[in-house]
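Undergrad: Listed below, chain by chain, are the residues.
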Amino acid sequence: MIDPNSKVLLEVRDLHATVDGTEILKGVDFTVKSGEIHAIMGLNGSGKSTFAKVLAGHPAYEMTQGTVRLDGQDLSSLAPEERARAGVFLAFQYPIEIPGVANDQFLRLAYNTVQAQHGKEELDPLEFDDFVREKMKQLEMKPDFLDRSVNEGFSGGEKKRNEILQMALLEPRLAILDETDSGLDIDALKIVANGVNRLANKDNAIVLVTHYQRLLDYIVPDYVHVMEAGRIIKTSGKELALALETHGYDWLHSEAGRALGTQL
Amino acid sequence: MSSVIKDDYLTQLIASWKAEAAASAMPAMSWLDQLRTSAAGRIEALRLPTTRDEEWRFTDITPLKSALFPRASVASSLTGSDIARYTLDDVPNRVVFVDGQFSAELSSIEHDSGVIAGNLSSLAREHTATVAHHLGRLADFQDDIFVALNTAFLHDGVGIIIPADVSAAAPIHVLFITSQPEQTTYPRCLVIAEPGARATLVEEYVALRDAAYLTNSVMEMHLARSAQVQHMRVQRESQQAFHIANNTTVIAPDACYRAVSLTLGAQISRYSQNIVLAGEHAECAIDGLTLIAGKQLADTHTFIDHAKPHGRSQQLHKCIADDSARGVFSGKIMVRPHAQLTDSRQMSRNLLLSDKARVDTKPQLEIFADDVKCAHGATIGQLDKEALFYLRSRGLSDAAARNLLTYAFGGEVINRIPVASLKQQLEKLVLVSTQVN
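These protein sequences, in sequence, are chains A and B. When we follow UniProt numbering, the leftmost residue of the first sequence carries the number 1, and every step to the right adds one. When we follow UniProt numbering, the leftmost residue of the second sequence carries the number 1, and every step to the right adds one.
Rather than coming from a laboratory, the hints here were simulated on the basis of the structure. A couple of the hints might just be wrong.
Derived DSSO-like pairs: lysine-lysine, alpha-carbon spacing no greater than 30 Å straight-line [said to hold, decoys possible]: (1) K18(B) / K26(A); (2) K33(A) / K190(A); (3) K362(B) / K373(B); (4) K234(A) / K202(A); (5) K33(A) / K7(A); (6) K142(A) / K373(B); (7) K120(A) / K137(A); (8) K120(A) / K202(A); (9) K120(A) / K428(B).
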């Protein structure tokens, strides 16, 4: 929802980042206000997943230039856990399997860590159990999810639902969903999208990193950005996603495309 | 024989054996005297292993040779409260040895359980034929110097007989306690599961003081047809101790043996586990977790011998090594020519928590049958970086994330322990030793 009076939540200026010495992000400018939903689209290798990981503080990526601010706070020197506690959440494209750690144990640990950060009350296992089961119902998750090891042996759809469950528990200020639609059938996609829509409110913001327009039928963005070669080369409304779906990405470089683009 | 250069260490042990040969707690029985005497004879023929021996390549026991501890002679008199922290709430059956001596006061066996358990010297009197049939016949002392020493110095031990078709509901806890420094004990345990018998056993080694001493232990186990035995083994000796142990288990047709072994203590430890699937459709699942730090060296050698067709074996061995600790795993699986339709799986997984920690792992398959399913593998690594990032991205500190992953690595083995109180106790122990702040 676009509200001209809402505050800037995330402000990225001229962001450059490298992995193993190779520059992947080459000057990203990106602004998100409270209450907004943004989609970042682009071809494989355009840098969109890297951007998501850099925002979450993945240690393999080095920020070499530029600024990233959340609520005015500089994120660049913060560890991943400090960003998480400040309200950044990344839903992983490939959620990690952790054998030997029960899902409920993991969820409670994460929940209580973030609660403690905000000076709120931590929940004991019994209290947490009631709390998490209620959230799970909304995502149509089976109760045995809690007893299984984190993501171990989960289907693609179960893993993605588990990510959204974590988002629901942690109530982030900024949720970045990296290819959350990949590997989902249409039913699972609807469940996940409903979950995300339920969590969106005027005080938080959601950034969808996606390859396909399909997800955007269910989570409707306020803005669509196109990333290419490590920069955002175009920003427009939700119609842009449909144009990309119909025409692909090449038209962005042609004369006709630019003409088309100005109409969007 | 003349080519064998005797260690001073063994020479002194032989001398002490001769000196105390007469002072046995066992009743004078010719078969037992013969057993001890022939084991003593093997000591004179064998020598202590060195790192030049293939089976001891990574395990240097030189520090042991320079510390000749006399055999424990007088046991501390302990009370129930001294050992309270080692007892298990849900395990009423307990056989306790303190400094090599059977403690009737600390032991307790529920007689209505149907299980015959106690000290060997009593058991050998009432069940002479059964004991004589197995004692010293399973664990090979002909070629193993430590088994030979244990057998030669065999005075008493733990005897457990689970009679045919008896299903022992409550586990049996065998507890070997060392309370005094600079002594050697020779724990010995004989477990006989008669046809169709079922039992769960906890074998545990603990120390009341942080001191140097030697435990040289031998456990022999026989599972008759269709018997089922679960065997938990917990080695938490003092951090300065030496622990050398042998377990030899023979499994008859349709019998099933499940073991979970934990190695936590001792400066140098060696656990040799030999399992013979001696009958068709015999089955074993043996898992192990070694958790070491400081300068500990822990060696686990296992040998699973598929001697008959339709055998199944599964093994997961894990090692977590911190500081400059060193883990050794050698897991040999033999499939003999007639052992067709064998199904065998083995995995060795190792986690190094520091740059100086080291693990040598050697899974070995020797297959002489042509219609078998065998899989084995080994991994050595550090904590998964992506998993660490995943946990941190959910707000967990780096230390908390590392602790959780390390604990989880060991937890996979701990979770297989079927005795609730023991599992809880070990969860806490592993939790404490995997947590850094």
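Undergrad: Hey, K234(A) versus K202(A), does the alpha-carbon distance stay inside 30 Å?
TA: Holds - the C-alpha atoms of K202(A) and K234(A) are around 25 Å apart, at most 30 Å.
Undergrad: Does K33(A) pair with K7(A) here, judged by a C-alpha cut-off of 30 Å?
TA: Holds. K33(A) to K7(A) sits at ~6 Å (cutoff 30 Å).
Undergrad: Mind checking the alpha carbons of K120(A) and K202(A) for me, to see if they're no more than 30 Å apart?
TA: Satisfied, since the Cα-Cα distance of roughly 21 Å is no more than 30 Å.
Undergrad: Between the alpha carbons of K33(A) and K190(A), is the straight-line distance 30 Å or under?
TA: Roughly 25 Å between the alpha carbons, so the hint for K33(A) and K190(A) holds.
Undergrad: Holds or violated: are the alpha carbons of K142(A) and K373(B) at most 30 Å from each other?
TA: 36 Å, violated
Undergrad: Regarding the pair K362(B) and K373(B), is the alpha-carbon distance no greater than 30 Å?
TA: 19 Å, holds
Undergrad: Hey, K120(A) versus K428(B), does the alpha-carbon distance stay inside 30 Å?
TA: 28 Å, holds
Undergrad: For the pair supplied as a hint, K18(B) and K26(A), is the alpha-carbon distance within the 30 Å limit?
TA: 83 Å, violated
Undergrad: Given the proposed pairing of K120(A) with K137(A), does the C-alpha separation stay at or below 30 Å?
TA: 24 Å, holds
Checked against the numbered hints given earlier, the structure breaks hints 1, 6 and satisfies all the rest.
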